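Chemist: Chain order of the listed sequences is F and C.
Once you know that position 119 of the first sequence is 149 in my numbering, the rest is easy, because the numbers rise by one and skip nothing.
Once you know that position 276 of the second sequence is 306 in my numbering, the rest is easy, because the numbers rise by one and skip nothing.
FYI, nobody ran anything at the bench for these hints, they're computed from the structure.
In this text, all values refer to a predicted model and were calculated from it rather than measured experimentally.
Among the hints, erroneous ones may be present.
[To be verified] Here are the simulated BS3-like cross-link-like pairs (lysine-lysine), alpha carbons at most 30 angstroms apart as the crow flies:
id, chain 1, residue 1, chain 2, residue 2
1, C, Lys125, F, Lys281
2, C, Lys273, C, Lys232
3, C, Lys273, F, Lys312
4, C, Lys54, C, Lys125
5, C, Lys125, F, Lys179
6, C, Lys363, F, Lys363
7, C, Lys363, F, Lys273
8, F, Lys76, F, Lys200
Residue strings, one per chain:
There are 2 protein chains.
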Amino acid sequence: MKIITSVALAALTLSASNLIEKTKEAGLKPIPSSKTELMKLIDNPKNHITDEKVELGKKLYFDPRLSKSGLISCNFCHNLSEGGDDGVSAAIGHKWTANPHHLNSPTVYNAVFFDAQFWDGRDKDLEAQAQGPMQAAPEMSATPEHVEKVVTSMPEYVSEFQNAYGKDVKITFEKVTDTIGLFERTLVTPSVYDDYLNGDDKAMTSAQKNGLETFIDKGCASCHNGIALGQSMNAMNVTATYKYQNVGDFKGDANGMVKVPTLRNITQTAPYFHNGQIWSLKEAIVEMGRIQLGTKITDKEVSSIEEFLKALDGRKTDIVVPQLPASTDKTPKPSMN
Amino acid sequence: MKIITSVALAALTLSASNLIEKTKEAGLKPIPSSKTELMKLIDNPKNHITDEKVELGKKLYFDPRLSKSGLISCNFCHNLSEGGDDGVSAAIGHKWTANPHHLNSPTVYNAVFFDAQFWDGRDKDLEAQAQGPMQAAPEMSATPEHVEKVVTSMPEYVSEFQNAYGKDVKITFEKVTDTIGLFERTLVTPSVYDDYLNGDDKAMTSAQKNGLETFIDKGCASCHNGIALGQSMNAMNVTATYKYQNVGDFKGDANGMVKVPTLRNITQTAPYFHNGQIWSLKEAIVEMGRIQLGTKITDKEVSSIEEFLKALDGRKTDIVVPQLPASTDKTPKPSMN
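Isolated chain F, as found in the complex (with noise of 0.2 angstroms):
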């Protein structure tokens, strides 16, 4: 009975290098298996990637002294240990203030693949974005200059950017947020369905490639699309309204468009949505059909989709929790207020 089952199933499967052909007729690219291409499109062209920025960078990325509460890092929201975010609805940071907007925060891991950073897109590199948390006052709520403050007051960090840009270096605001960006970069996932873009026929099961089918079938693909399934801006609301539109008093952008989320480790980045209102991905999957392709997704659909997207639980690198320099007496004091 189980071998019928297998054969039925590979009867429907379309050829492995038909499926192939039309998930990248999809718009769908892997992550490349080369190191010398993925390099070349995460690098920073302006501030080329190497260890001593990177090492450098993870340590500024989770340290909290950064942070006008010394409490809160960059890794506090998206946390490198759950799927790179925070798991709760709208974000919350110094003094317990939720995200004004009620926005919930995306994941870090692979964010080096959009186009543009944030729900409403506004910035275009993780450059960019990491100056944002930082001085938003329900976040980070650091000034510029308590940033480069704190760092500049450790001899540690002070040579760690010597080492890392050179003697002459100047130790900027920008220079931490591009540091910390550059890190960022570094946060690829390569999963199941990478190694079988890139050609490994058995890297994914039957019912993942089912599933690819089923997403591509059903139209998921035109938004979700590009290395990270979700690289872009769009529309949103297209066919009906999200059902939970109300919460929050997000809009999209000037012109009403949304940063499509990454579905790379979506498993893990529950709850979802912009404002963060739905937990089971099954709910979440249903309700993009019907809001943005008009479709009713079937039980079987949905199961099937779902499937798929468990092959896109990616391998995360190790990283060693960094040791932090101590604070020196011109580290300024953390402040609750």
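Assemble the complex: chain F is given as a structure, and chain C must be docked to it using the hints.
Modeler: Just chain C now, kept in the frame of chain F:
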């Protein structure tokens, strides 16, 4: 000139064997260099250390979903990147609430060597301690039921508990905190001071050795002794009243006794004292002399002691940022209230 100074210093220093003897007579002990001996000291006889339990304990230690808000893990206040504490005066927890007694978070590193846990020494070991902050309203604010529900909602956690404790394991709140305690037992940071006491005469500099002598001669080791250099309970305000005694209402245990904090990694764990009011290590040394020993510690002695304290900066084992299991439909939702 430099040579003469070195020679002069060497003359002032006790011979290696004498200083080691003097140190041991003062009640100071090294972290054993033998792994077997160390394991005997840190193991929990009722719940032996295994790799599976420690790896699971690490995940739980880093998992913010154990808290009511889903935002506060053990690592929030006992940050392994920051010397094992949070770098703020009074701990901040759920709803941005400060510790009601204005108590400072002690470091988790080497806490296994304490005879008692908490500033008032109310718990005997790390396993018992772990139950406190998890339930305290101004800290993680979780009920035992919440913690059990979170953990048992994720099949990956359940199977890790089974791997660690056997198939019939009952995943209770105590099992969770016991496992976290076991991970914390492994957070031991030997330093050049231990290398020196364990026989490597060149491990400490002459200045550090002189500092160790000053430390003993001034009487610091009368409280700061044992492996942790701060192991047991002692009276406070012995010869004068701590100058910030009025910040918070902490008066010690029923007998006015206070847990002596460890001096290991002390350069990384400012601010100092139970209410975190002193930010400078030099000032802390002077104040301790005044209120505990009834002695004026001169600038020169302060610098010498500080040199010794730097020798207590320990080597931290590389800890890989854990990848936590994904929440499921059964995982309790975070609550910010």
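Chemist: Run every hint past the structure and note whether it holds.
Modeler: Each hint, compared with the structure:
1. Lys125/C <-> Lys281/F: holds (28 angstroms)
2. Lys273/C <-> Lys232/C: Judged against 30 angstroms, a Cα distance of about 39 angstroms means the pair is violated.
3. Lys273/C <-> Lys312/F: Outside the cut-off at roughly 60 angstroms; violated.
4. Lys54/C <-> Lys125/C: violated (46 angstroms)
5. Lys125/C <-> Lys179/F: Satisfied, since the Cα-Cα distance of roughly 28 angstroms is no more than 30 angstroms.
6. Lys363/C <-> Lys363/F: violated (34 angstroms)
7. Lys363/C <-> Lys273/F: Answer holds: Lys363/C to Lys273/F is near 20 angstroms, not above 30 angstroms.
8. Lys76/F <-> Lys200/F: Status holds; Cα separation ~16 angstroms.
Figure legend: structure checked against the earlier numbered hints; hints not met, in rising order: 2, 3, 4 and 6.
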